[in-house]
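Make a model of the complete structure from these sequences and hints.
Letter by letter, the chains look like this.
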Amino acid sequence: MSSVNTAKFSLITIAVGAVVMAFAHWVHVDYLYFASYTILQFIVLATAWNILGGYCGYVNFGSAAFFAMGAYSSVFIHKLYPLPVPLLILIGGIVSGLVGFGMGYLTLRLRGSFFAIATLALAVVLQTLVVNWDFVGGSRGAYIIRPEELEFAGITINYIEYLFGLMLLLTMIALVTARTIERSQLGFGFATIRDDELAAEASGVPTLRLKLIATTLSGAFMGMAGAPFPYYIGYLQPSSAFGLEYAVNSIAMPMIGGTTSWVGPLIGAILLGSAQQYATVTISSAVNLLIVGLMLVGFVIIAPNGLIGLVQGWRRKWRQP
Amino acid sequence: MDIGLLINAIAAGLLLGAFYAAVTAGVSISFGMLDIVNIAHPAFIILGSYIAYFFNTNYGVDPILISIIALPAFYALGAAVYQVYYQSFERRGQESLRGLAFFFGLLFVTEVSLILVFGVDYRYVEAAYIGPSIHIGIIDLPLRMLVPCVVSLLLFGAIELFVTRTFIGRAVKAVSQDQMALQLMGVDPIKIKRIAFGISIATAAVAGALLVIIQPVEPSVGREYIGRVFAICVLGGLGSMPGTLIAAMLLGVVESLTATFYGPSWAPAVAFGLLLLTLAFRPAGLLGR
Amino acid sequence: MTGTKGALLHVDNITKRFFGFVALDGIDLEVQPGERLGLIGPNGSGKSTLVNCICGTLQNDSGSVQFDGKTLDGLAAHQRTHRGVSRSFQLPRPFHSMNLVDNLRIPLLYTVHARVGPLRSTGDLDARCLELLEMVGLAKKAKQLPRDLTQVEMRKLELARAVAAEPKLLIADESMAGLSHSEIEDILKLLMQLNERGITIILIEHIMSAVMSFSQRLAVLVSGKKVADGKPEEVVRDPEVVRAYLGQ
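Residue numbers (my numbering), protein chains in the order written: chain W, 1 to 321; chain U, 1 to 289; chain B, 1 to 248.
Source of the hints: derived by calculation from the structure; they are not laboratory data. Any given hint might turn out to be false.
[Stated by the list, open to error] Output of the computed footprint for chain U on chain W, the stretches with three or more beta carbons under 8 Å from beta carbons of chain U:
no., region
1, 30-36
2, 275-289
3, 296-304
[Said to hold, decoys possible] Taking beta-carbon pairs under 8 Å as the criterion, some of the chain B residues facing chain W (in silico):
no., residue
4, Cys55
5, Thr81
6, His82
7, Leu91
8, Arg93
9, Pro107
10, Ala114
11, Lys231
Quick caveat: nothing in here was measured; it's all calculated off a predicted structure. Note that the Cβ used here is the ideal one computed from N, Cα and C, for glycine as well.
Have a look at this one:
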């Protein structure tokens with residue numbers, strides 16, 4: 001493993017991000033912005049899921065709920081007084097982070113499998129609450145009119161490009177955060193929870209506290225990913241915000257990419273996300289989801305450590321003649 | 001408050017509750033006794049519903065009869081799924097993260113496959129007892145709810161007898177408590193678990209047929225049942241059949257009352273909300289130990 | 001039972017039930033600082049349950065556990081480890097995704113540092129881990145994963161990890177089962193060395209020769225009750241102990 005420290009890595013990430021942004025600006029095809037935005041969103045969701053799922057070993061089936069909470073807090077605020085999107089992202093993160101903390105506090109003392117079921121229950125309860133809440137549109141949905149462009153310090157930016165840029169920034173922050181955690185004492189503690197929670201406790205690891213940190217962070221990032229969504233899509237409905245594809249993808253992408261490192265969710269999201277964009281357009285969205293599901297089942301059985309695991313396995317075999 | 005409405009809501013809730021018990025019986029075995037978190041169980045139920053629908057619509061056979069004929073096939077399916085689960089996860093000690101992801105994937109694949117084959121329209125079956133009702137005083141008992149209720153109770157009773165009276169049934173109960181002792185007796189615990197899981201999925205065949213009798217189904221209906229099933233399991237205390245029955249009845253009644261007096265859009269929240277509350281405050285269940 | 005002044009560990013009338021089955025029935029136990037206590041009893045007598053209740057892996061239903069003059073009741077397991085209670089698990093539970101050095105680093109980071117604040121640099125930590133591995137004879141396998149270890153080596157890792165937390169009280173739960181005679185000697189020597197450094201030790205074992213040569217005092221648990229507690233030579237002659245356990 002390389003010994004690139006966090007500061008260096010952040011700089012590299014910023015550099016890569018700047019290049020991507022410049023390239024996108026030069027190409028300037030609206031559809032590409034849309035498709036890339038979705039993939040970036042999935043990178044954040046997958047990375048966020050992996051903090052709790054891959055690092056700590058606690059499965060969250062309710063990613064959609066945290067994502068939707070971010071989206072709906074934006075809708076809620078938009079109806080009161082439109083705030084700039086970066087602020088909405090922050091608020092979405094806080095809301096979903098609190099939900100994550102609350103839910104963790106209630107259910108993390110239980111076994112991992114109970115926690116997973118609880119996350120599923122939470123998603124449905126929150127969806128039902130939102131469906132019955134007319135202020136944010138209920139089941140009819142809410143419209144958010146997206147401005148054409150944004151004026152900032154004298155420069156005029158295309159609004160889609162603006163959202164893309166924000167999501168790119170969020171993705172970079174998520175990746176740097178995940179990598180930093182992984183290499184820190186916190187990440188080390190997470191790994192003990194995943195390996196053997198009982199032994200971790202006996203060794204002095206405050207497992208509940210660490211799990212709560214993981215749940216809160218994970219939820220917060222998912223909420224941040226969801227906050228700009230209403231602006232991106234223009235019309236928000238509970239069935240789309242709480243859609244099952246968010247839950248499946250946020251699990252499938254890290255598992256296929258590899259759960260033990262920040263690289264896994266990144267690779268998984270890019271590969272699976274791009275494949276899905278392609279499949280949705282060429283085949284159908286239902287077949288596309290079927291393929292995701294089959295790949296999840298297949299990878300979980302055959303390659304439990306994902307693509308990273310496969311690569312590591314080949315490297316090991318190649319080194320030992 | 002309209003007393004007639006209240007009593008009918010409770011009656012409907014009880015009938016529904018019995019059905020929920022049958023639905024949960026399978027999970028009581030896989031989760032309660034084998035400690036396998038099969039969240040894909042509702043998908044197998046929906047599969048059962050669609051099989052009942054298919055043969056009922058195309059060949060006019062009674063849905064419950066279809067499900068009984070389908071029992072061996074579902075049993076084999078369950079045994080096969082367990083074998084994969086055991087080989088890939090249980091043996092390697094990775095059942096928590098990957099096992100869950102596996103079943104979630106199965107749930108998803110089943111649902112989407114059904115959408116591709118049958119579409120998202122609601123499907124229903126036709127049988128002689130769908131339509132008429134029995135009237136006892138002010139109570140209306142629709143036969144399409146009463147018949148599944150009776151079959152459910154029979155199914156439930158059969159499973160309870162199986163677990164307590166037969167050798168294999170008791171071995172299943174034993175395997176959940178002490179695998180080593182079972183091995184020392186010369187019984188292969190893996191085989192016992194495979195049989196138990198097979199039975200668990202077989203119950204889904206019947207539950208599926210009953211479901212499509214009670215209400216029209218479409219592929220995503222299964223997901224509502226995940227919360228119900230696990231709420232009942234947890235509320236009733238894992239592995240306790242009488243507890244499961246009581247919890248199921250309770251859930252049925254509360255849901256029915258909620259739907260009647262607050263509107264059906266709140267109904268899904270009842271089961272899942274109950275589940276969350278139970279997990280948060282009393283994970284050992286109502287008959288908590 | 002009133003506590004003896006200066007007792008390091010004082011278990012006061014604790015009871016633990018599992019769904020109606022009484023695993024521990026009013027257990028009283030005291031351990032003096034620096035003492036070597038042996039704990040024996042048939043399988044299922046409650047030894048591991050007792051350990052779990054002392055260490056916080058389980059919470060006792062009634063009664064109290066006092067350690068070093070303060071109560072442990074209500075504290076989580078990791079907090080008790082911070083206070084100085086450490087245990088090895090009967091079935092070794094290593095962190096299987098980490099190498100041996102990292103396995104030992106965990107208690108150092110999360111327990112030792114939690115007490116005195118981060119005093120050591122990474123280099124110092126590594127040195128300490130290797131020192132501990134040397135102590136149990138695993139230094140050569142420092143960079144390997146637990147799955148590359150033999151059963152015996154995993155037991156030693158278990159003990160090393162428990163010691164890494166710099167405990168005042170170490171509970172060794174059946175670390176010797178299935179070991180050869182010389183391996184048992186190794187572990188006994190190790191435990192003796194630790195005791196000479198001032199660590200109080202509770203040894204839970206079935207291997208009577210080891211228990212007899214090691215213990216200053218012997219307690220016997222049968223069906224959740226303590227049936228004997230005293231000098232090893234006297235306890236093994238106690239007719240009730242012979243009937244319930246030794247005579248088997």
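Item to check | Assertion that chain U covers the region 296-304 of chain W - criterion: three or more residues, beta-carbon distance below 8 Å | outcome: Contact hint for the region 296-304 of chain W vs chain U: holds, 5 residues under 8 Å.
Checklist entry - Taking the closest Cβ pair, is B/His82 under 8 Å from chain W? => result Given a least distance of 6 Å, the restraint on B/His82 holds.
Next on the checklist: Between the region 30-36 of chain W and chain U, are there enough contacts, at least three residues with CB-CB distance under 8 Å, for the coverage claim to hold?
Outcome noted: Our answer is that it is violated, as 0 residues pass the Cβ test (under 8 Å) against chain U, missing three.
Next on the checklist: Just to be careful: measuring from the Cβ of B/Lys231 to every Cβ in chain W, is the smallest value less than 8 Å?
Outcome noted: 31 Å, violated
Checklist entry - Can B/Cys55 be said to touch chain W, with a Cβ gap under 8 Å? => result 7 Å, holds
Next on the checklist: Does B/Thr81 hold up as a contact with chain W if the rule is Cβ-Cβ below 8 Å?
Outcome noted: 4 Å, holds
Item to check | Status of the B/Ala114 interface restraint (C-beta, 8 Å, chain W) | outcome: 6 Å, holds
Checklist entry - Mind checking, does the region 275-289 of chain W have 3 or more residues with a CB under 8 Å from chain U? => result holds (count 3)
Item to check | Satisfaction of the B/Arg93 interface hint, Cβ to chain W closer than 8 Å | outcome: 4 Å, holds
Next on the checklist: Please check whether B/Pro107 passes as an interface residue: C-beta within 8 Å of a C-beta belonging to chain W.
Outcome noted: At about 4 Å, which falls below the 8 Å cut-off, the nearest Cβ of chain W leaves the hint on B/Pro107 intact, so it holds.
Next on the checklist: Is the interface hint satisfied for B/Leu91? The criterion is a beta-carbon contact with chain W at less than 8 Å.
Outcome noted: 11 Å, violated
The structure fails hints 1, 7 and 11 (numbered hints given earlier, in ascending order).
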